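Assemble the complex: chain A is given as a structure, and chain B must be docked to it using the hints.
There are 2 protein chains.
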Amino acid sequence: MSKVNKRNTQTRRSFLRGAALSSAGAVVAVSSTAKEQSEALITEAQSWAQELADGVDVTPYGLPIEHEGDVIRRNVPWLTADAVSSVNFTPIHALDGTITPQGCAFERHHSGAIDLKKEDYRLMINGLVDKPMIFTYFDLERFPRENHVYFCECAANTGMEWAGAQLNGAQFTHGMIHNMEYTGVPLRTILNEVGLIAAGDLKDKWVFVEGADASSNGRSIPMEKALDDVFVAFKANGEALRKEHGYPVRLVVPGWEGNMWVKWLRRIEVTDGPVESREETSKYTDTLSDGRSRKWTWAMDAKSVVTNPSPQMPIKHGSGSLLISGLAWSGHGAIKRVDVSLDGGKNWRIASLSKPGEKMAVSRFYFHTDWDGEEMLLQSRAIDETGYVQPTKTQLRAVRGLNSIYHNNCIQTWHVGKNGSVENVEVS
Amino acid sequence: MSKVNKRNTQTRRSFLRGAALSSAGAVVAVSSTAKEQSEALITEAQSWAQELADGVDVTPYGLPIEHEGDVIRRNVPWLTADAVSSVNFTPIHALDGTITPQGCAFERHHSGAIDLKKEDYRLMINGLVDKPMIFTYFDLERFPRENHVYFCECAANTGMEWAGAQLNGAQFTHGMIHNMEYTGVPLRTILNEVGLIAAGDLKDKWVFVEGADASSNGRSIPMEKALDDVFVAFKANGEALRKEHGYPVRLVVPGWEGNMWVKWLRRIEVTDGPVESREETSKYTDTLSDGRSRKWTWAMDAKSVVTNPSPQMPIKHGSGSLLISGLAWSGHGAIKRVDVSLDGGKNWRIASLSKPGEKMAVSRFYFHTDWDGEEMLLQSRAIDETGYVQPTKTQLRAVRGLNSIYHNNCIQTWHVGKNGSVENVEVS
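Chains A and B are the protein sequences, given in the same order. Take the first sequence: its position 2, counting from 1, is numbered 5 in my numbering, and each next residue is one higher. Take the second sequence: its position 191, counting from 1, is numbered 194 in my numbering, and each next residue is one higher.
Treat the hints as calculated values from the structure; they're not laboratory data. Just so it is clear, the structure is predicted and the values come from calculations on it, not from any experiment. Beta carbons: idealized from backbone N, C-alpha and C, even for Gly. There may be inaccurate statements among the hints.
As the list claims (entries may be wrong) - Distance ranges between label pairs, derived from CB positions:
(1) Q53(B) with V402(A): 58 to 66 Å
(2) D204(B) with I353(A): 30 to 38 Å
(3) L66(A) with D60(B): 16 to 24 Å
(4) Q49(A) with K358(B): 56 to 64 Å
(5) G167(B) with D60(A): 36 to 44 Å
(6) D123(A) with T290(B): 35 to 43 Å
(7) L66(A) with R281(B): 28 to 36 Å
(8) A201(B) with G72(A): 54 to 62 Å
(9) D231(B) with D73(A): 29 to 37 Å
Said to hold, decoys possible - A few chain B residues that face chain A, going by a derived Cβ cut-off under 8 Å, partial list only:
(10) N78
(11) S114
(12) I137
One chain only, chain A, in its complex shape (with noise of 0.2 Å):
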């Protein structure tokens, strides 16, 4: 079995060494609270272990435990100036791998979240189609299914970076992002169902897509992007939609930006041409330094943000083996690789992904370092798979000036203190 010998051979490396060399043979405990408290709670049998605790019926559907309770959705009340709070952040800072649980991603509602059952829903497509048809919830179960994981940000996700470091924390500067596995039927197989054949020639024609809530929120799409990878999804991480993420259907556009996934989907017209509607001028638009605006910005381009450390996530242990973390995407296929940066972009190290990219997915990326316990200004470049790589911020503003809200793929910098506290800053 020489196999299990080389394997412990190859990977022999210690990664807790200081602490661990002040005895040897005896048990060690490797950190100084550890140390202090060891003893007593590894050799002496604690309450937990002397009495039969709860049973299988206390959670029916299981939360989070209590000692987890501020691994939640935030808002930031002066964003938006809706009459309800309309956005919410993902805590980005405090998760890990790559799906994002339902209960914790992002929400943002143009008209608030609505309660609409199964048996209430319909979905209509009408416009250029043989035959204008109407689906219930049960109609659409009945179509051969597909599941894909994507991620879906939205457009205005780190914002407020176009204007300087305003939001101490990856949740909020970065948190308009989540990473689900999707559940559905391919937009293609229902627009084959209803006949695209009224539509003629396919190559000019657009699909115009709305949601059921009061904001309706519409938006136009192109024919060729409606007949690849778009798709109608009635689950995610395999259970229903939860009702602020568009129960019991939304559409799932893979790498466009997070406001053409309509929500609580009701109604798709075939178009010979883009509808220009309100969701799609006075928003979604980004507006350049000379005061023209870019439009049809629909593919969120690579992107990535070292989630810990981050200013929600100090560094409590202290200088010596520090494993940095963070989030990477590409709404133009998979993520090819991620750098980090520990001083300001001078110096650059390929980080690990815990799998290979998959097209417009969220990938996981590490960085084992060790600390020398010195100021750092942290940092994370993603390139994609057609090899674009992730600008500065001054590249992107030279660019794009600093009159938009929208699209903002800058590297994020946090500078670390010697006492491990992480702040949101500039670098030039």
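Chain B only, in chain A's frame:
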């Protein structure tokens, strides 16, 4: 843009044509329910489209919408003799995709789910190692980290099927399984930290793992597995483990029976042989017809089940387009193929996998058919990358007898009546 027209042509097939052909040109409601109610629901402004709905402050941590209140873990009180209920079942009949949300992932405890804070957590590594050590939770966070999606199946899953078709629901026959993305540290990294030199030749060595709960639930694992893919996990699906899944730290033993995935992991001892603990002698062994018992039956053999339709999910829409869906998995590697039979195993057809199978992770399969409205005997059978084929109940009983509780991976049969109702049955 010939790509667009080509895609459209390739997938041109009608799935709900029966109803749709009744009228061409005008808006057509597909199902009879839709016909009766559709006009008002789609053409008139409903209450939910006329008012501002809930803002984001309502649910800092979101729960399923009340209409999904039946998608919960359920127990079967008579199954266990424990003082408090100690096992419940994942509602696999109502889920889709591959990820199991933590909130409805099954639980099995031997002395209840304990409440253990991160601050009070200690992991001791002792036995045949260079430096026995104690780690805090925060020490473990300083090691390099990995993410993997793995299924966890209780060895007793489907155990009641040995005696016949007793439990009328996929949740109860096959619901002691979940499939999550884990984040943690490879066990080999931690074993290398404490040094395995004292263990000498590793090929005869084992680790004995135990939990902090009153049962301690100790199990022996051969060193080859321990150094291969076992890891020490602190997150599942991105967030902290739920209390009932071992918060803050559990062991992950890919492909092997769930009892070895020790929760509230407190100690790992390197030994020169298996401990032959209570949990691996009085339990988790498979008694054969002649009274002898198999032991060390760690890996879960390839298995599958149709989750929809199933007894808790009858067909409500009548004949015509029917999407059959289910789960498949193997503790010996990736699922290679799943077959579906509508006639109790006389004829088999290949189902589609929603993505290529991954090692020791659940695969979702779909099979689309036109149901003629006649009775069916629905079955699925899994084939894994080793070429192993899931056996029939008869084949399994011929080898294993009827005395066992554990490791029942036989083909499951659902009888579908003409009215769409579904029942658990046996076929010879």
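Status of each hint after checking the structure:
The given range of 58 to 66 Å is broken by Q53(B) and V402(A), whose C-beta atoms sit roughly 43 Å from each other. In this structure, D204(B) and I353(A) meet the distance hint of 30 to 38 Å, their C-beta atoms being roughly 37 Å apart. Taken as a hint, the range 16 to 24 Å holds for the pair L66(A) and D60(B), whose Cβ atoms sit roughly 18 Å apart. For the pair Q49(A) and K358(B), the supplied restraint of 56 to 64 Å is violated, since their beta-carbon distance comes to about 43 Å.
For G167(B) and D60(A), the Cβ-Cβ distance of about 27 Å falls outside the hinted range of 36 to 44 Å, so the restraint is violated. For D123(A) paired with T290(B), a C-beta distance near 53 Å fails the hint of 35 to 43 Å. Take L66(A) and R281(B): their Cβ atoms lie about 32 Å apart, and the range 28 to 36 Å holds. In this structure the supplied range 54 to 62 Å is violated for A201(B) paired with G72(A), their Cβ-Cβ distance being about 42 Å.
Checked against the hint of 29 to 37 Å, the C-beta distance between D231(B) and D73(A) comes to roughly 36 Å, which is consistent with it. A hinted interface residue such as N78(B) counts as satisfied when its beta carbon comes closer than 8 Å to some beta carbon of chain A; here the least separation is about 5 Å, so the hint holds. Hint status for S114(B): holds, given a least beta-carbon distance of 5 Å to chain A, under 8 Å. Given the 8 Å rule on beta carbons, the hint for I137(B) holds: about 4 Å separates it from the nearest Cβ of chain A.
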